[in-house]
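Peer 1: Here's the letter readout for the chains.
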Amino acid sequence: MFLEVFLFVGALLLILYLSLRYGRYIKTQYQGPKQTYDLSIPETTVITPTDFTWTLAPCTLRFAIYVDASPKTVMTVDCIDHKAEAPEKFAPDCANYSYRPCKCMGTDCGRCALDSSDSGHMSKLLSIGEYVQLWASGYTNQNDKPYVPALLKIRTGLDSGQHYMEAIPLPTIPLQKWTMITIVKEGRRFDVYYGAKLQISKMTTYPPLNPDSGSQNITVGNKKWGGLIGMFKGTNGASYAPEVQADAHTILDTRGIPYINDPLPWSAFVLPKCFFGNCTGLPDVKPPNQFMVYQTNYS
Amino acid sequence: MLVVINYTVTPIFSFYPGSPGVIPVPGITNDLVFWKDKTQPAFSDPVPKKDDKLYGTSYIKMFSFGIDLYVRELATSNASTRLILYKAGAPIPAPSKIDATFTGDSFINYMKKRSSMIMYLTDTNDLVITFFSGSKQYNTAPIKNIPLYTPFRITLVVEDKMFTTYLNSKQVFQRLVPESIAMPSDGTSGMQLFYSSPEWTNNPRHSIYVQNFHLWSRPISYKEVISARPALALDKDFGLSPDAATPCSSDSSSIVAASKAVANTVTGLLN
Numbered sequence: 001m002f003l004e005v006f007l008f009v010g011a012l013l014l015i016l017y018l019s020l021r022y023g024r025y026i027k028t029q030y031q032g033p034k035q036t037y038d039l040s041i042p043e044t045t046v047i048t049p050t051d052f053t054w055t056l057a058p059c060t061l062r063f064a065i066y067v068d069a070s071p072k073t074v075m076t077v078d079c080i081d082h083k084a085e086a087p088e089k090f091a092p093d094c095a096n097y098s099y100r101p102c103k104c105m106g107t108d109c110g111r112c113a114l115d116s117s118d119s120g121h122m123s124k125l126l127s128i129g130e131y132v133q134l135w136a137s138g139y140t141n142q143n144d145k146p147y148v149p150a151l152l153k154i155r156t157g158l159d160s161g162q163h164y165m166e167a168i169p170l171p172t173i174p175l176q177k178w179t180m181i182t183i184v185k186e187g188r189r190f191d192v193y194y195g196a197k198l199q200i201s202k203m204t205t206y207p208p209l210n211p212d213s214g215s216q217n218i219t220v221g222n223k224k225w226g227g228l229i230g231m232f233k234g235t236n237g238a239s240y241a242p243e244v245q246a247d248a249h250t251i252l253d254t255r256g257i258p259y260i261n262d263p264l265p266w267s268a269f270v271l272p273k274c275f276f277g278n279c280t281g282l283p284d285v286k287p288p289n290q291f292m293v294y295q296t297n298y299s
Numbered sequence: 001m002l003v004v005i006n007y008t009v010t011p012i013f014s015f016y017p018g019s020p021g022v023i024p025v026p027g028i029t030n031d032l033v034f035w036k037d038k039t040q041p042a043f044s045d046p047v048p049k050k051d052d053k054l055y056g057t058s059y060i061k062m063f064s065f066g067i068d069l070y071v072r073e074l075a076t077s078n079a080s081t082r083l084i085l086y087k088a089g090a091p092i093p094a095p096s097k098i099d100a101t102f103t104g105d106s107f108i109n110y111m112k113k114r115s116s117m118i119m120y121l122t123d124t125n126d127l128v129i130t131f132f133s134g135s136k137q138y139n140t141a142p143i144k145n146i147p148l149y150t151p152f153r154i155t156l157v158v159e160d161k162m163f164t165t166y167l168n169s170k171q172v173f174q175r176l177v178p179e180s181i182a183m184p185s186d187g188t189s190g191m192q193l194f195y196s197s198p199e200w201t202n203n204p205r206h207s208i209y210v211q212n213f214h215l216w217s218r219p220i221s222y223k224e225v226i227s228a229r230p231a232l233a234l235d236k237d238f239g240l241s242p243d244a245a246t247p248c249s250s251d252s253s254s255i256v257a258a259s260k261a262v263a264n265t266v267t268g269l270l271n
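Top line first, the protein sequences correspond to chains Y and F.
Residues in the first sequence are numbered consecutively from 1, following the working numbering.
Residues in the second sequence are numbered consecutively from 1, following the working numbering.
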C-alpha cells in the first residue's frame with residue numbers, strides 16, 4: 001500500500017515538474033525544425049511546405065527577429081524618376097521615396113531585382129522564392145536615417161504573361177531588440193504588424209502570385225547581418241488585430257521578448273570570445289537602441 | 001376581420017420576407033435559385049428557364065439577384081475578359097480576335113452592344129457591375145480586393161433609378177442615376193435573361209466560379225438580403241478542390257469538358 005502511494009505521489013510530482021518545465025514549450029508555438037536560427041547564415045530553410053505553404057489564399061506568417069549587428073547604411077539610396085508609366089527598375093521615386101510596381105519583361109523579373117551585393121544598401125533577410133521577400137537597410141545614427149528602412153517585395157501579376165514587382169514599405173526593424181513581425185495577406189492587401197501594433201496596411205496594384213512548387217520554402221539569413229530570427233508560424237487564414245494581439249501575448253513576455261527555450265541550458269557558460277585576454281583591445285559596448293550613438297568611457 | 005384590416009388599415013400579413021406585416025404567410029415567393037447543384041453552369045447558361053415561374057419577367061429596372069463567387073488565381077486568365085455574369089437577349093459569341101490589343105475598354109465596348117448588364121473583374125481583383133441603359137453606361141464603384149480562394153456573396157438590388165450592391169450582405173455601394181434604368185438603345189433586345197460567363201472569357205484557365213444564383217423579380221429589402229437562403233456556398237460547393245497548393249488542372253479540365261457538353265445540349269435545344 002505504502003509503495004503504491006509512494007509511486008502515485010512520485011508520478012504526480014513528475015507530471016507537475018514536466019508541466020512546469022515544458023510548459024513554455026507548449027506555450028511557444030512555432031513551426032520548422034528549430035525555434036531560432038542564426039541570422040548571419042544565408043539561405044537557411046526554416047519552413048517547408050509540409051509545415052506551411054504561402055499561397056494566394058489568405059495567410060498569415062509570424063516570426064520574431066533580433067538584429068544584433070548590421071551593415072552601416074549610407075543616407076542616400078539609388079532612386080529613379082518615376083515619370084514613366086511603369087518603371088523598369090525596382091527603385092524608389094526620388095520625389096518621395098515611394099515604390100511603384102516594377103514591370104518585369106514578361107515573366108522575367110531580372111531587371112526588377114534589388115542589388116544584394118555589398119554596395120547595395122538593402123539586404124534580403126527572408127524570402128519565399130521571388131514571391132515574397134523581406135529586405136532591410138542597415139542602421140545609421142539618429143541624424144542619418146535611411147530613406148527606405150525596410151520593405152516587403154512582392155511578385156504580382158496582371159496575367160500569365162505579365163508580372164510585376166511591388167513594394168510594401170515598412171518601418172525600421174529595431175536594433176538589438178526582439179521584434180515579432182506578423183505579415184497578413186488577404187487578396188491584394190498586406191497588413192504588417194510589429195508586435196501587436198499594425199504598422200502598415202497596403203494593397204498591391206495586382207494580385208500576388210502563387211509561388212511555384214520550387215519556391216515554397218521560407219529561407220532566412222544574410223551574412224552581413226547578425227542576430228537571431230525564429231518563432232516561425234504560418235497559418236492559412238487572415239489574422240486580424242485581436243488575433244495578432246493574442247498571439248503576441250502568447251509568445252512574448254512583458255518586455256516583448258519571446259519565450260525562447262534554450263535547448264542547452266549550459267550554453268550560458270560558453271566561454272567569452274577572448275577568454276585569455278582582450279583580443280582587440282576595444283571594449284565590447286553595444287548601444288541600447290538603434291538611434292543612440294555609440295558611447296564608451298574609453299577614449 | 002384581419003384580412004379587412006390588412007387591406008384597409010395597416011398590413012397584418014407579411015407576404016414575403018421584409019414586407020410589412022407581422023404574420024408571415026409562407027408559400028408566396030417570387031424568387032428562384034439557380035446554379036445550386038455544386039457544379040459549374042454550362043457556358044452562357046441562361047436563367048430563368050422557360051418553365052420557371054420567373055420566366056417572362058422584364059429584368060430591366062426592378063429586380064434583384066444574389067450570387068456566390070469563388071475566385072482563384074487570376075493570373076491564369078486574360079485580364080481583359082474576366083466576365084462573371086451578363087444579362088442579354090441571347091448568348092454573346094466570342095469577339096473575332098482576342099489578343100494583346102483587346103483591352104478592358106475593348107471588352108466593355110464589345111459587351112455594350114450585346115448586353116444590358118455585365119458583372120466582371122477589372123484587370124485586378126476589383127469587381128464592377130455595369131448597366132447599359134439607353135445610350136448611357138452606369139457603373140458601380142469597384143468593390144476593391146474581393147476575396148481570393150474564399151467564397152463570398154454579391155447581391156444587387158435594382159429599383160428604378162437606383163442600384164445597390166452588397167458584399168456578404170453588407171452594403172458596399174449605392175447609386176442614384178438621373179433616369180430609370182432602361183434597355184440599351186443600340187444593343188441587345190428581346191427578353192433579357194441572365195447568362196453565366198461564356199467560353200471565351202476567363203481563358204486560358206477559368207479562375208472565377210459561381211454558385212447559388214438567387215433571382216428575384218422585384219427589388220428586395222435589406223432584411224431579405226441578409227436572410228436570403230441558401231446560405232453562402234462553401235468552397236467545396238463550387239465543384240473544385242479548394243486546395244490552393246494544387247492547381248486542380250484535372251478538375252478544371254473535366255469541368256470545362258462537362259460544361260462544353262451541356263452548352264452544346266443547350267444550344268441544340270435553343271436552336
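It is worth saying that the hints were derived from the structure and are not from the lab.
Some clues are possibly wrong.
[What the hints assert, rightly or not] Straight-line distance between alpha carbons at most 27 Å, and here's what the computed BS3-like set of lysine-lysine pairs gives:
| hint | chain 1 | residue 1 | chain 2 | residue 2 |
| --- | --- | --- | --- | --- |
| 1 | Y | 202 | F | 170 |
| 2 | F | 144 | Y | 83 |
| 3 | F | 236 | F | 144 |
[To be verified] Quick list of the computed label-pair ranges, beta carbon to beta carbon:
| hint | chain 1 | residue 1 | chain 2 | residue 2 | range |
| --- | --- | --- | --- | --- | --- |
| 4 | F | 137 | Y | 235 | 35 to 45 Å |
| 5 | F | 101 | Y | 214 | 42 to 52 Å |
| 6 | Y | 43 | F | 95 | 21 to 31 Å |
Where is the CB? At the ideal position from N, CA and C, for every residue including glycine.
Peer 1: Each of the hints needs a verdict: does it hold here or not?
Peer 2: Right, here's what the structure says about each hint:
no. : hint                         : in the structure
1   : Y/202 with F/170             : holds (22 Å)
2   : F/144 with Y/83              : holds (26 Å)
3   : F/236 with F/144             : holds (24 Å)
4   : F/137 with Y/235: 35 to 45 Å : holds (43 Å)
5   : F/101 with Y/214: 42 to 52 Å : violated (34 Å)
6   : Y/43 with F/95: 21 to 31 Å   : violated (48 Å)
Against the hints set out earlier in the document, violations occur for numbers 5 and 6.
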